[in-house]
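J.: With the sequences and hints as input, model every part of the structure.
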Amino acid sequence: MEMIEWNNLFHFNVFGHLNSVQLTSGKNDFLFFNSHSAQDPLSMIHFLCGRRTKADDHQRMATTASAFMHSALSAIPNSHFLVVPTKPVVYQEMLPDWLQQQCAGLTPPVPEIVGQLKRDPSLTTKVIFPLSEMRAIASQHEFYTKATFHWTGDGARPVAQLIASEFFHLPSISTLSTVPKREVADMQRFLPGVLLEDSFKEPDYQKAGITECRGDTCFPEFSSASTKIGDLSRFTQNEKKGPKLLVISDSFGRGIAGMFSEYFGEVWHISVNNFKTLTPTELSAVQDISLNQFKPDHVLFLWHDFSIGYFDQNAKVFLTAAKN
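Going by the UniProt record's numbering, the final residue of the sequence shown carries number 324, and the count climbs one at a time with no gaps.
Hints listed in this document are in silico derivations from the structure and should not be mistaken for laboratory results.
Since this is a predicted model, take the numbers as computed values, not measurements.
Please note that the accuracy of each hint is not assured.
To be verified - SDA-like cross-link-like pairs, simulated, lysine to any residue; straight-line CA separation at most 25 Å: (1) K207 x S174; (2) K126 x F68; (3) K146 x L23; (4) K244 x Y205; (5) K316 x H36; (6) K295 x L162; (7) K276 x K201; (8) K241 x H169; (9) K181 x S199; (10) K276 x S66; (11) K244 x P158; (12) K181 x K126; (13) K27 x K146; (14) K316 x F222; (15) K27 x K126; (16) K201 x V184; (17) K27 x F222; (18) K54 x C103; (19) K201 x S174; (20) K295 x G309; (21) K126 x L73; (22) K146 x C103.
Said to hold, decoys possible - Cβ-Cβ distance ranges computed for the label pairs, FRET-style: (23) R135 x E183: 25 to 35 Å; (24) Q206 x L162: 23 to 33 Å; (25) R135 x V184: 19 to 29 Å; (26) P280 x P220: 40 to 50 Å; (27) T217 x S172: 27 to 37 Å.
C-beta: ideal position from N, C-alpha, C; glycine also.
T.: Structure follows, in structure tokens:
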């Protein structure tokens, strides 16, 4: 392990190289996570720019997503669906020139898929893909720090504000101030030995009168399922009253859930990434508690853009329990 760390550090400091096939160095010190698999580098960016898909693929993924959404709305009518534009899409101009050239002239699949979904009148106001909004303010607001893949700090705040005001039609009940913070970036794990840190603005929940809790200990109601799920968070207004929100997500839910506490009295966030490890009894209990006992006023299903072709594999597990 020490040799790997030394080798990574040497290549980074001497040659400026990222000794990981899953990371791409962009302009202005931007780093991009390019693939979930080291055996298939650049697969995520190539998918998002349209290098790996054709019109038939777009239609197939739109059909799958539509089926899930209709099933979800049938079981949980107060649902919305957020597709999160990731870093290489929002900050595409920061990709290296050679990668931009590989993607030039291609048709990105996600806008095409979302467009097909929105042509269904029953889904028009239920599907949220805030790419144009994020791009419009990306030069003034840091959605993603230079060495992260996920939302960090208050990065997702404008998206939460957009959804709460324009889709949920809610007024704010609090305002989150921020404090400066610096921590190791989430892409650090792909480059052991090289310190990747980022500075960002962290929401000050305590100052706003909001109790922030993250991790399995935040949901004793779920008993043994909490440890298996792992990625959980909970935000509760200490004094102010407001509606309740349930966020069912992939790993991107963690970075936005707390931002909604400006509009909600209580927010529950549950990642479905590990739901397949739950027993039927545990799954049923989580579903019953989060829907029938918590009784959210709004439910937000959330996944990042690259997962548009497979998100339902995990999300459907929660939905199946919700329908039973």
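J.: If you check the beta carbons of P280 and P220, does the distance land in 40 to 50 Å?
T.: Distance hint for P280, P220 is violated at roughly 21 Å.
J.: With the threshold set at 25 Å, check whether the alpha-carbon distance from K316 to H36 stays at or below it.
T.: Judged against 25 Å, a Cα distance of about 21 Å means the pair holds.
J.: Honestly, do R135 and V184 meet the 19 to 29 Å range at C-beta?
T.: holds, 28 Å
J.: Has the given pair, K146 with C103, been kept, meaning a C-alpha gap of at most 25 Å?
T.: Within the cut-off at roughly 21 Å; holds.
J.: Tell me if the beta carbons of R135 and E183 are separated by a distance inside 25 to 35 Å.
T.: 26 Å Cβ-Cβ, so the 25 to 35 Å window holds.
J.: Would you mind confirming whether the straight-line C-alpha gap from K295 to L162 stays at or under 25 Å?
T.: holds, 23 Å
J.: Checking one constraint from the list: CA of K276 to CA of K201, max 25 Å. Satisfied?
T.: violated, 34 Å
J.: Can the suggested window of 27 to 37 Å be confirmed for the beta-carbon pair T217 and S172?
T.: holds, 29 Å
J.: Within 25 Å, alpha carbon to alpha carbon, are K244 and Y205?
T.: The given pair, whose Cα atoms are some 17 Å apart, holds under the 25 Å limit.
J.: Holds or violated: K146 with L23, Cα cutoff 25 Å?
T.: Holds: K146 and L23 sit about 12 Å apart, inside 25 Å.
J.: Taking 25 Å as the top limit, are the C-alpha atoms of K54 and C103 close enough?
T.: Distance ~14 Å between K54 and C103 Cα, so the pair holds.
J.: What's the verdict on K126 and F68, does the C-alpha distance respect the 25 Å limit or exceed it?
T.: holds, 12 Å
Against the hints set out earlier in the document, violations occur for numbers 7, 12, 15, 17, 20 and 26.
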